[in-house]
Amino acid sequence: DAKTTQPPSMDCAEGRAANLPCNHSTISGNEYVYWYRQIHSQGPQYIIHGLKNNETNEMASLIITEDRKSSTLILPHATLRDTAVYYCIATQPRNAGNNRKLIWGLGTSLAVNP
Amino acid sequence: GAVVSQHPSRVICKSGTSVKIECRSLDFQATTMFWYRQFPKQSLMLMATSNEGSKATYEQGVEKDKFLINHASLTLSTLTVTSAHPEDSSFYICSAGLAGGPGKQYFGPGTRLTVL
Chain A
1 DAKTTQPPSM DCAEGRAANL PCNHSTISGN EYVYWYRQIH SQGPQYIIHG LKNNETNEMA
61 SLIITEDRKS STLILPHATL RDTAVYYCIA TQPRNAGNNR KLIWGLGTSL AVNP
Chain B
1 GAVVSQHPSR VICKSGTSVK IECRSLDFQA TTMFWYRQFP KQSLMLMATS NEGSKATYEQ
61 GVEKDKFLIN HASLTLSTLT VTSAHPEDSS FYICSAGLAG GPGKQYFGPG TRLTVL
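Protein chains in written order, with my numbering: chain A, 1 to 114; chain B, 1 to 116.
Hints are supplied without guarantee of correctness; some may be wrong.
[Unchecked claim] With a Cα cut of at most 30 Å, we get these calculated DSS-like pairs of lysine-lysine:
1. A/Lys101 <-> B/Lys41
2. A/Lys3 <-> B/Lys64
3. B/Lys41 <-> A/Lys3
4. B/Lys66 <-> B/Lys20
5. B/Lys20 <-> A/Lys69
6. B/Lys64 <-> A/Lys101
7. B/Lys55 <-> A/Lys101
8. B/Lys20 <-> A/Lys101
9. A/Lys69 <-> B/Lys41
[Stated by the list, open to error] According to the in silico footprint, chain B covers these stretches of chain A (three or more CB under 8 Å from chain B):
10. 39-47
11. 101-111
Treat the hints as calculated values from the structure; they're not laboratory data. Glycine is no exception: its CB is placed at the ideal position from the N, C-alpha and C atoms.
Build out the structure end to end from the sequences listed, making use of the hints.
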């Protein structure tokens with residue numbers, strides 16, 4: 001799995017967009033970018049994933065650069081409940097039995113302020 | 001969406017006792033489940049991969065005789081911390097993925113273990 005680099009912490013005002021960057025310069029052609037978040041003392045929650053096209057779902061948008069060496073997770077209107085640690089992971093999407101293990105870095109601690 | 005539960009959510013035990021943590025996939029079958037440990041202000045550390053009907057695969061440095069994993073059915077995996085000591089106090093989290101589905105994992109809410 002490709003190594004990912006994220007800023008350790010970020011702040012965002014409530015109601016504004018939160019843009020969380022991730023660098024994955026050594027990503028290989030068959031590796032996807034996954035984003036998860038972990039609210040304090042809870043299990044992680046899947047947010048979104050993508051290969052090379054930009055993706056959007058009800059939680060967030062994922063923008064992947066054309067060279068795929070970096071990506072940005074966008075929370076369009078951050079709320080206080082979005083305060084969490086956000087993890088960016090680059091990995092292959094599946095293998096036999098879907099037992100691809102995920103390697104977790106330290107993520108970005110996002111604080112959404114009122 | 002897929003739901004994973006863990007029980008208990010919190011447990012306090014005396015040093016030397018064994019503790020069993022259950023991880024269930026409530027609305028899907030999981031041939032593979034993962035067990036993680038997380039210490040305060042640290043990231044998730046994968047302990048082992050639990051495979052239904054076969055032995056678990058442990059990560060380097062994780063004692064398989066201390067952390068017993070059983071995956072007896074497609075919806076249940078258990079982690080038993082044997083002869084627990086205070087240094088085993090941690091947040092234990094399990095996850096599972098849909099067989100044949102995308103690579104995303106569904107996580108349980110975690111179990112906070114405190115060993116006195």
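Worksheet entry | B/Lys64 paired with A/Lys101 [C-alpha distance capped at 30 Å] | Within the cut-off at roughly 18 Å; holds.
Worksheet item: Are 3 or more residues of the segment 101-111 of chain A near chain B, judged by a Cβ distance of less than 8 Å?
Response: Our answer is that it holds, as 7 residues pass the Cβ test (under 8 Å) against chain B, meeting three.
Worksheet item: Would the pair A/Lys101 and B/Lys41 pass a check requiring their Cα atoms to be no farther apart than 30 Å?
Response: Roughly 21 Å separates the two Cα atoms, so the pair holds.
Fill in: Pair hint B/Lys20 and A/Lys69, alpha-carbon separation not exceeding 30 Å
Since the Cα atoms of B/Lys20 and A/Lys69 sit roughly 42 Å apart, the hinted pair is violated (cutoff 30 Å).
Worksheet item: Straight-line Cα separation of B/Lys41 and A/Lys3 no greater than 30 Å?
Response: holds (20 Å)
Worksheet item: Regarding the pair B/Lys20 and A/Lys101, is the alpha-carbon distance no greater than 30 Å?
Response: holds (23 Å)
Practice prompt. Would you check the hint for B/Lys66 and B/Lys20, treating anything up to 30 Å between C-alpha atoms as holding?
Written response: Answer holds: B/Lys66 to B/Lys20 is near 12 Å, not above 30 Å.
Worksheet item: Is A/Lys3 close enough to B/Lys64, meaning Cα to Cα at most 30 Å?
Response: holds (28 Å)
Fill in: 8 Å C-beta criterion, at least three residues: is the segment 39-47 of chain A covered by chain B
This one holds; 6 residues, not fewer than the three required, reach chain B with a Cβ under 8 Å.
Worksheet entry | A/Lys69 paired with B/Lys41 [C-alpha distance capped at 30 Å] | holds (28 Å)
Worksheet item: Does the alpha-carbon distance linking B/Lys55 and A/Lys101 stay inside the 30 Å limit?
Response: Distance ~16 Å between B/Lys55 and A/Lys101 Cα, so the pair holds.
Violation of the numbered hints given earlier is confined to hint 5; every other hint is satisfied by the structure.
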